[in-house]
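Protein chains: 4
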Amino acid sequence: MNSYRTDLAVEAFDGQGQSALPGVDVNRWEEGGVTLTEVIVSDDEAAGLLGKPMGRYLTLECGPLRRRDPDARAAMGNLLAEELGRMLPEMDGDVCAMVVGLGNRQITPDALGPAVIERTLVTRHLSDQLSALPGLRSVAAIAPGVMGVTGIETMDAVARLAELVKPVAVICIDSLAARDSARVGATIQLTDTGIQPGAGVGNHRRALTQEAVGAPVIAIGMPTVIHAATLARDAFEWLNRQNGDTPADEAALNDMERSLLSAAGDMIVTPREIDALIQDAAGIIAAALNRALQPDLSDAEIAALMD
Amino acid sequence: MNSYRTDLAVEAFDGQGQSALPGVDVNRWEEGGVTLTEVIVSDDEAAGLLGKPMGRYLTLECGPLRRRDPDARAAMGNLLAEELGRMLPEMDGDVCAMVVGLGNRQITPDALGPAVIERTLVTRHLSDQLSALPGLRSVAAIAPGVMGVTGIETMDAVARLAELVKPVAVICIDSLAARDSARVGATIQLTDTGIQPGAGVGNHRRALTQEAVGAPVIAIGMPTVIHAATLARDAFEWLNRQNGDTPADEAALNDMERSLLSAAGDMIVTPREIDALIQDAAGIIAAALNRALQPDLSDAEIAALMD
Amino acid sequence: MNSYRTDLAVEAFDGQGQSALPGVDVNRWEEGGVTLTEVIVSDDEAAGLLGKPMGRYLTLECGPLRRRDPDARAAMGNLLAEELGRMLPEMDGDVCAMVVGLGNRQITPDALGPAVIERTLVTRHLSDQLSALPGLRSVAAIAPGVMGVTGIETMDAVARLAELVKPVAVICIDSLAARDSARVGATIQLTDTGIQPGAGVGNHRRALTQEAVGAPVIAIGMPTVIHAATLARDAFEWLNRQNGDTPADEAALNDMERSLLSAAGDMIVTPREIDALIQDAAGIIAAALNRALQPDLSDAEIAALMD
Amino acid sequence: MNSYRTDLAVEAFDGQGQSALPGVDVNRWEEGGVTLTEVIVSDDEAAGLLGKPMGRYLTLECGPLRRRDPDARAAMGNLLAEELGRMLPEMDGDVCAMVVGLGNRQITPDALGPAVIERTLVTRHLSDQLSALPGLRSVAAIAPGVMGVTGIETMDAVARLAELVKPVAVICIDSLAARDSARVGATIQLTDTGIQPGAGVGNHRRALTQEAVGAPVIAIGMPTVIHAATLARDAFEWLNRQNGDTPADEAALNDMERSLLSAAGDMIVTPREIDALIQDAAGIIAAALNRALQPDLSDAEIAALMD
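Protein chains in written order, with the working numbering: chain F, 1 to 307; chain S, 1 to 307; chain Y, 1 to 307; chain A, 1 to 307.
Chain F with its partners taken away, still in its complex shape (with noise of 0.2 Å):
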């Protein structure tokens, strides 16, 4: 098994089959029924290898989550609220923080960043109020959209928004691909380390990093999909295994690839439910996201500034 299209920096690790890797720092722990994994990726040949860019990689994973379990969102939330606001700079003063909603809207699995960003607090446009409520931080939101509907490279579109914005923290949402069935709709992923080429299964292809931007790029994102070839290759290998078979080469899985898929365009596999669990996936997110950036507001003072 190799790292093979997954975004999660916890499965390209597992993928390898080691307990421990030079240049890469594992932690387990548990939080009110959340596994946290942590995964510091610290050399560039640990980077290759993994296929993930140098930096931090926290996973929050909760298996109730996925079937809507109360108890297990709001668990999720408060981590995810309480770990961002750690990677967040501060915000003092006259600055704006600028989120990112990635993906296509028009696609199901791929509309969680749009999703999250209808849900955003947005305060930058409020001179006002923010000089009348000394607590309320600028934030600013956008939904760039993807280049097959813009025409445009979606990083290209994000530097000039933040040239306009000058954030002093970009958060960017994405919708991700994983490995295990298991963590579609169950995980959340937070990173420093921006998004860069090659990563995810989107369609935004240039890098938006801390050197890009002038300011740190953090990434928050939730598997919502699997590739099919990923699944027909694991389930040939899980059996291959089990009977202690060589392992299948390289060209007999592209073949067999091509011939139950390809003819087909690009096939995921996703949980029958995913309409709901992206809307719900995007409630949590966004409660964290908008707690973690307006620290001196209560729950109740930032949905009486929604609307």
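Keep in mind that the hints were calculated from the coordinates and are not lab data. Take the hints with a grain of salt, since some may be wrong.
[Stated by the list, open to error] In silico contact screen, one side only, chain A against chain F (beta carbon under 8 Å); selected entries:
hint	residue
1	G63
2	P64
3	V122
4	V149
5	L164
6	V165
7	P247
[What the hints assert, rightly or not] The following label-pair restraints were derived from C-beta to C-beta distances:
hint	chain 1	residue 1	chain 2	residue 2	range
8	F	N27	S	G148	37 to 45 Å
9	S	M306	Y	R258	53 to 61 Å
10	A	N243	Y	L21	26 to 34 Å
11	F	P22	S	Q242	55 to 63 Å
Since we're looking at a predicted model, the values are computed, not measured. Think of the CB as a built atom: it goes at the ideal place given N, C-alpha and C, for glycine as much as any other residue.
Use these hints to put chains S, Y and A onto chain F, whose structure you have.
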């Protein structure tokens, strides 16, 4: 390979791996770029083997439909209108047809039926216009919802409404599951067998047959998903065959399913662009339905009456 | 001013311009920032004068609800759950309540009923869990659509489904028309009179009453629109009163309506943010409904059973 | 009557109640059932009087469009494509047009712009196909959102993205407010004046003009609403005129507005079927746009490239 988890009679037949079966007649031909396959199941034994009730199954397949080719859409629409017209009883005098959109509008790949209902020309309530426009036939249309949403067996609800409407024909529209990913979004199945227990992905469980409703029950369906477990099994079996290995036993396949998929609930394999595909298919099927149900009206007259 | 085109009994009463009327009892009080008005219509003459059938009408009003104030939402939800609980019959033993979401989901201001159905905890099909969870009551929920979409009289369809479900209570949810723009999105009316011909904006025309379905019929509605013609008339009459002029005669008002509005079909007056307002209202009403119908479950248990 | 709250130049002119005005040229003609009115505002004084910047305004009106008549749709689409084609600069060589869908997709009557973007053939990213298909022009399309959702002045965002795309023409699509209810859903206005402060219902406040973006700015809009206050005033003035009374003074009209409408926030008057009307209008405008921007492609070639 078996007929495991497909709603298409043609796949159930092909899954037997034999060129002919007693009690099954298969004919294939082509018209305007569309491949038509007729499967006639004429005795109980064949029905049991294929897992499909006795009757006629007509499949229209056109690969370019999946990438929304305009010629493919026109060809499929025309053929579907024609074949459906042939299956419908005479509708002279004071009689009504009832269209039933099965499925759950909240779950994208299951929303085909309700989406067709929204585009169906409904006329039953226009009694004055029905007499003024001599060619206008009476049509009612319902989207009864699924049992998980209503708490009512779908087929019980449809039967009660059929008692009220007393239709001369019932036409059910539903999303189907296929086995072969190339058929998803590219195939329409038309049958005269009604809807039977255990057929389909759906949650509607009782039969909707001529016996049950006192009128012929025609079903139109398009595959919108493959079950994830089917794909995993097919991947394994494909590779096995390449290797000349003995087929996996059922216990191993079940273990694989549980291990790779069961933690995650019901996973489906679907095209990334399923939202647009459902809208397209609903447009094609509704246009064919409107033409077949209103043979004396032009397309422009039908459009003018919609609203 | 007359009771022209309002679905609210309190507006029909106020429109008479008298502090008291024979056959009508009116009580107002306040609870937690919500104004409650009870109008009891107790004889036929009063019913004819107000254009409202005999029975009890309870209006809950809270201005800040319109701007989505969280305290207003909580207060309205709590009071609605309580008052609805009082109106419902005992639901011990093997009995079922049936919730009916009236209106057209394709027309935003008319979509309140179907939106509530999507958030109602439906349990009738969970017979195993119903016996395992002793406190769980049986609930079915339907959104029958409007006659223009189905071709079937809405009330005929509801009556047929009630024959199947045999509920001990029917609770109908509907969008209403008000006279006063301040009530749109800020008022909920709860009645025990059923749904009567001619009442409401809707296209459901036959009565849904205790006599018709053999069970008490409770209706919950929120005004989401004002008729454009009502607003135009009110504007004229308001200015006329300011000037001390004699009221316009009906013929002049009808000419004005035709001249300003009739070319354009049915125009409605609605808040700009009607899409969000419908979602909010559906959330409040469904939460109250779920609590009143499941008095032995906590909010968390209700949430865990939804999905 | 004054030019109060209309986005249509033809209504601003008609509101002056004079058959001719200095600095304004008006021509009306008919083509295929569509009434075209050209208003050319040629000096500052006329611009001030009408509240519309100098430039050319072309209105296409067709009453049957509102009830979705297929011939009306075809006629409007053809004329719009032609007239837009005449306004566009030559697009030979390596140049790009940028389509901007203004408005808020979460608010139905304001969602016309984003709905057109979803149906626009976008090609700027298909550099390989652009060279392979010699007739294919480069088109980008954005839906920047409204300031209340993004926290960013819409025009600032558009200007930044125009710096990136460097278009030879910008085409903005927007929902408009009319004065006369018969024009809602039945009229399209095409102008070459750009988008100016104060024009329109929108929340985009800075100008988007040739000076600001360095390319001609064409605007296409359809009235989707009337302001409730406009309707109330018109009703009063209409009845007043019938009575031969003196016009109401502005203070009385303002009092009326506050009394009837202000408690309720921003009320709009819109057709009941606004959701369907927006989808129809978006289809007509996008088809015309695609034809005008891709004069060397057939409708079938355009459809085949969409997806």
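Structure-based check of all given hints:
Hint status for G63(A): violated, given a least beta-carbon distance of 33 Å to chain F, over 8 Å. Checking P64(A) against chain F by beta carbon gives a least distance of about 31 Å; that is not within 8 Å, so the hint is violated. The beta carbon of V122(A) comes within 4 Å of a beta carbon in chain F, closer than 8 Å, and the hint placing it at the interface holds. This hint holds: V149(A) has a C-beta 6 Å from the nearest C-beta of chain F, less than the 8 Å allowed.
Because the smallest distance between the Cβ of L164(A) and any Cβ of chain F comes to about 5 Å, under 8 Å, the interface hint for this residue holds. The beta carbon of V165(A) comes within 6 Å of a beta carbon in chain F, closer than 8 Å, and the hint placing it at the interface holds. Checking P247(A) against chain F: minimum C-beta separation of about 36 Å lies over 8 Å; hint violated. Range check, N27(F) to G148(S): Cβ separation about 41 Å, and the 37 to 45 Å hint holds.
With their beta carbons about 27 Å apart, M306(S) and R258(Y) fall outside the hinted range of 53 to 61 Å. Remark: the range hint 26 to 34 Å for N243(A) to L21(Y) is upheld by a beta-carbon distance near 32 Å. Between P22(F) and Q242(S) the C-beta distance comes to about 37 Å, which lies outside the given range of 55 to 63 Å.
Checked against the numbered hints listed earlier, the structure breaks hints 1, 2, 7, 9, 11; every other hint is satisfied.
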